[in-house]
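There are 4 protein chains.
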Amino acid sequence: MARKKIFNDPVYGFISVPYGIIFDLIEHPYFQRLRRIKQTSLSHYVYPGALHTRFHHALGAFHLMTQAIEVLNGKGAGITEEEAQAASIAILLHDIGHGPFSHTLENALIRVPHERLSEWFMEKLNEEFQGQLELAIRIFQDKYPKKFLHQLVSSQLDMDRMDYLTRDSFFTGVYEGVIGYDRIIKMLAVHDNELVVEEKGIYSIEKFLIARRLMYWQVYLHKTVLAAEHMLVQVLRRARELALLGIPVPCPENLQFFISHEVREDQFVQDRDHLLARFASLDDYDILSALKAWMSHPDRCLSYLSQGLIHRRLFKLELSSQPFGEDYVSTRAAKVLQWWQGPESELSYFFLKGMESNSAYNTAQEEIKILFKNGEARPMSLSTDYELHSKIVTKYYLAYPKITGG
Amino acid sequence: MARKKIFNDPVYGFISVPYGIIFDLIEHPYFQRLRRIKQTSLSHYVYPGALHTRFHHALGAFHLMTQAIEVLNGKGAGITEEEAQAASIAILLHDIGHGPFSHTLENALIRVPHERLSEWFMEKLNEEFQGQLELAIRIFQDKYPKKFLHQLVSSQLDMDRMDYLTRDSFFTGVYEGVIGYDRIIKMLAVHDNELVVEEKGIYSIEKFLIARRLMYWQVYLHKTVLAAEHMLVQVLRRARELALLGIPVPCPENLQFFISHEVREDQFVQDRDHLLARFASLDDYDILSALKAWMSHPDRCLSYLSQGLIHRRLFKLELSSQPFGEDYVSTRAAKVLQWWQGPESELSYFFLKGMESNSAYNTAQEEIKILFKNGEARPMSLSTDYELHSKIVTKYYLAYPKITGG
Amino acid sequence: MARKKIFNDPVYGFISVPYGIIFDLIEHPYFQRLRRIKQTSLSHYVYPGALHTRFHHALGAFHLMTQAIEVLNGKGAGITEEEAQAASIAILLHDIGHGPFSHTLENALIRVPHERLSEWFMEKLNEEFQGQLELAIRIFQDKYPKKFLHQLVSSQLDMDRMDYLTRDSFFTGVYEGVIGYDRIIKMLAVHDNELVVEEKGIYSIEKFLIARRLMYWQVYLHKTVLAAEHMLVQVLRRARELALLGIPVPCPENLQFFISHEVREDQFVQDRDHLLARFASLDDYDILSALKAWMSHPDRCLSYLSQGLIHRRLFKLELSSQPFGEDYVSTRAAKVLQWWQGPESELSYFFLKGMESNSAYNTAQEEIKILFKNGEARPMSLSTDYELHSKIVTKYYLAYPKITGG
Amino acid sequence: MARKKIFNDPVYGFISVPYGIIFDLIEHPYFQRLRRIKQTSLSHYVYPGALHTRFHHALGAFHLMTQAIEVLNGKGAGITEEEAQAASIAILLHDIGHGPFSHTLENALIRVPHERLSEWFMEKLNEEFQGQLELAIRIFQDKYPKKFLHQLVSSQLDMDRMDYLTRDSFFTGVYEGVIGYDRIIKMLAVHDNELVVEEKGIYSIEKFLIARRLMYWQVYLHKTVLAAEHMLVQVLRRARELALLGIPVPCPENLQFFISHEVREDQFVQDRDHLLARFASLDDYDILSALKAWMSHPDRCLSYLSQGLIHRRLFKLELSSQPFGEDYVSTRAAKVLQWWQGPESELSYFFLKGMESNSAYNTAQEEIKILFKNGEARPMSLSTDYELHSKIVTKYYLAYPKITGG
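Residue numbers (this note's numbering), protein chains in the order written: chain A, 12 to 417; chain B, 12 to 417; chain C, 12 to 417; chain D, 12 to 417.
Calculated directly from the structure, the hints in this document are not laboratory data.
The reader is advised that the hints may include incorrect statements.
Which copy is meant is left open, because identical chains are indistinguishable; a pair holds if it fits in one copy or across any two.
[What the hints assert, rightly or not] Cross-link-like lysine-lysine pairs, in silico, DSS-like; alpha carbons within 25 angstroms at most:
1) K406 / K327
2) K406 / K157
3) K158 / K384
4) K154 / K384
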């Protein structure tokens, strides 16, 4: 057993990382950048402890991968050392393509999903590391025959979810989101080349699904968090519009670039190295310092939204399980417009209508499989006497400034 | 604020108890007896940490009652000091009527439910304390106009459940059973004289229901726990039969009394003081020392079962969501009988057939009510977009010795 | 890697035990007996959660041993599988010789230290398991050349202490006793065939020593705990005296035997199998059921002390850092005697004078060694800029019943 | 009891804040700014979880203040509601004067200690809130007769320390730094107008002192943390020098101002409102975005240090309990200079020599006092049989880039 680098982690105690390529990847500026991207965007406006980063999450998911591989090999899965390392690299880098404020600004800065960006980062790192990431990339892309290795990286039961639910509930203090990650991992097995859970773990899976549902509505889709995140999207939309009109919106150079150019996937492919270098320099700090600068910008929209975010004067968000009536919406919109005393064209920055949805368990996707003692594996939805919640729950919202008397 | 006695509790940190009647009740031998009755009977055979007692549980439920009352009064519930003390006494004594091994031996030692016994204990204490428990008894019996006080003591959302789920998951180490008791308590309110939960707490209630379900199947109705508890019931049944035949079954005197007499509720009422004094002397230690003595008893049944319990050589328990087929049962029974090489009349001590059932949420009982922002309160089953699990899940079992080759 | 039996443990989460001899030893009645011996005797009278057993402690120490061996082998210690198993057995069985109420009644029931009894149990088990415990016994007795293996089992830094401090602070709820067991274990190394701690762990060792000191004075030597334990010793002393006078003291047979006979080490050696069988049947339950029976014994001393223990009416214990003055002692004794209204010869059951002492760190014993980066190992007392507390702190006590007006 | 705003806190569960001035102060931009200042500067480079902010710390200290006041009033301290509110405001704002990276850049940006700045912020807020902070300011400045209220805010046992040790150990994951804050608070009392600890809490105080010592050496003065913080100081020193030479160092405007002007206390007093407004706009984000911009600055020193910090290529730091010999230092310096290949005048940015010191307990300051049962209060150093560690431990360091072959 080789000597290892030890990281302190309040969640798991210690995380041991072997020296060699894994450690070298962690030291790489691409990975260090994740120290400056918060895992849960603006949810710290509601849960002040939630300042943990994608860096820490990636380390945590790596840690769970190590445990999962040990458990599976203890049950005869026969994962080789090379495969183990590749799966570990794949989970370590699964989020490397995230930009500032992760999902919140996905598509707002660049019209490319973060998974594609993660692949490009991995390809670039593969070049730098002389092809040592080949196998990791195949696993990440689900092109490796041992399908269960991909499922450890990405599936309804992957190490990504195990870590983020555990970590987010820890740092928010929403202890009800705690899942039995250690028990679930101990119950993992491989059956017909797929990742399955032993029968004894079925209650832990139910609990995991309900905890995930709770985290969605209580944290990720919390009214105030949604309000703040929508404001952030609007402020960038406004900055982009001003920039396209030639009005200066001072901000760090690389952010400026993505605000002035709408980069799409095909363009990225053609000019990968240049665009990746620019994108790799961005993090939460660029956005925040732009907001701080824009607080005194002459454009009323831009300064109003920037001040609101910095001073935490957030929109009110109405949430309903029914769509809002047209009358209600137009009355409300009129009030906001009257308060704003600006052109109607600006209303869209201050008056947002939309919906969010979530299902506790998605039977449309590849299902979680349960392995019974008789050797048979069945989908979760056919294994439990419990009603699985595949129904998609949708909630409708209106968001707008808290206007006195409004 | 009066000075208080502080108890250390690994679950809540510290529990403060005011000097006065509450402290005096805790010092009473009836309450001290609960130190010798384990909260979760034989579940420590599977979860070795689960040795906590009804004494600790009662203190914990009292602690939560104190918090709940503070929260409710903060929302204007207007609970007087006298009512607060009475509700605290009611929760402190709600389980005082439990005997050795609690639910496992309920009806096996005495044909009276523990709630009736709790009432008799309270009446007796009320006499000793010159009527100071009057109000507590009325609340316990739901005869006090402020119904919500009774609901804090006994309902689908009472402080009893809050504590036992929290405490049992803590001491078993089944952390997935953890509930957000502190959040739920912070969300409690009174509406139309009833205990309700504010809308924001709805996900915590869902989580609470699923955690309770998990604890049932994973701990309280765990196969090995059931097997051990069934053995314990059989050993006492056998002892009673031998006693009725005049065969000596040496054990502590008061246990002897209840083994030789089948005391029913009407008899208890007639001879309350005498029988209560006898019953109040019983605890887990009497049963255990009887088992140890019976390990060398000449009766094969008695000694076999006693040895099995002491040395933890427990029955195998088959669990199924379907009733067992008659053929399967009779074949299995024949094997057990052949192994036992005793009269067929003894088979019933070694071959048990039965079922256990549980529902995550009982809509047949008085429902949990949710208070919405518009001031309306609705039953939980009509408040959530979640499928509540009122369905009763039944599991069938067969239990019998692990016979080599069987 | 072989399949393993998993135990839930609220302290470490899960403890994995390999099937084979380790599991078989755990299943043995000798080891199962430890389920009925509390780890911290009567400290649950002050800390109601402290009901954990020697069974759980032994499993926990075994768990830490597994981790320590993995760490040491990761640093090249070259522990073979056979040695690893033997060291694991040695730690698993290190306390197997403890009797009812462990240290409290050590010497009160039988005049043999528990370590000797542990050895005899191991020898007996070695016979039953056809010599498979040879190596474990050599390690336990420090007769194996790799001295560091013995130090893992017994030294100032052994897995016994790591577990009991961690476990006792967990179950008492005295969280200040928490030690960084995982960090200390990660810092262990082997140097010159001895167990050492790497330099980086020096603050963890300081913290470990202070936590241990705190646990001694706050838990193990807590005034009320000492009072209860002294009462327990006296009640057995009285029972023995009565028995020697031919007065019946009803209690379980094997306890009766040890009360009527003062068994010494030489007798034990001569009649080992018989005496071991008797001793192996004893546990906390025998003592408790004896106390319950003796509550109504005609002997006033015996019944008074038994009632006091069962109803938790404990002696008052005065603690002082100075010896008590003779005048004070005799005045106090006279008051107790006057209250008792019995012969002066009985005073010694009710009036106890003595002292307890403890040092945070014992430099007289083999010291903890610190390994510096330059490859040198030095004793802890020469490694820290911190004042180590080798000074023995002694406290003097008087214990006697709480007499009204006394 | 008024309704309260509830904050989730992973450390204490929930923090309740009364609506009114306390809540309004939290909503003020000055206080919201603390969301952007990390509590432990760059220690997250070693402990990736340590991203918690001064905002969260201030809320936490406020929470403990609420508990302490309740305990003290329960013992008859007679703190009025007005005093309670004032003490709560004082603790809430005690760190309001901290600037970016707190202690690390104290004096580097502005030559005024943060306590003075806190006072100015409070005075300014007192104006805005029409004098409602008068009493809070008097307590903060120790000008209020009830001296113990000041001691709750600032002393060797204040709520500031209670929270930061608890919180920092939580977020770093250095669980050995955990203190028994709840027990210590329960043991607080007032004696002769001073804050004291009851005798029973003496071991908790010892433990608190040792935990604090451990946190200093293991976290706050950790080698790598010190290295990073020294680099940060140097990069700002360099920026300031360049600015004074008229070389542009692009960065946010208000940061620019403090880099180009060395503001001293007397200047601040004269131009308070203007300078406070500028200072109040600064936070960690300004420094980070400056560093990111400076990574490509033409000045080699500035860009080298900035890149090092952003990419976490940190100096090596040698630590020793002895001062380094002159020969060693000059040889080492020569190597660094040779590697740098720049003018000797630049060496001071890359080669740092200094010392750090800490004492576990400071008897020179006002001591912690212990209240004995006989009503006497004595200083901690005369109350414990334990050796208190008032000795100041000094460690010497050299810091410089990790040069290959160096």
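**Request:** Could you tell me which of the hints above the structure violates, numbers in ascending order?
**Result:** Hints 2 and 4 are the ones this structure does not satisfy, whereas the remaining hints hold.
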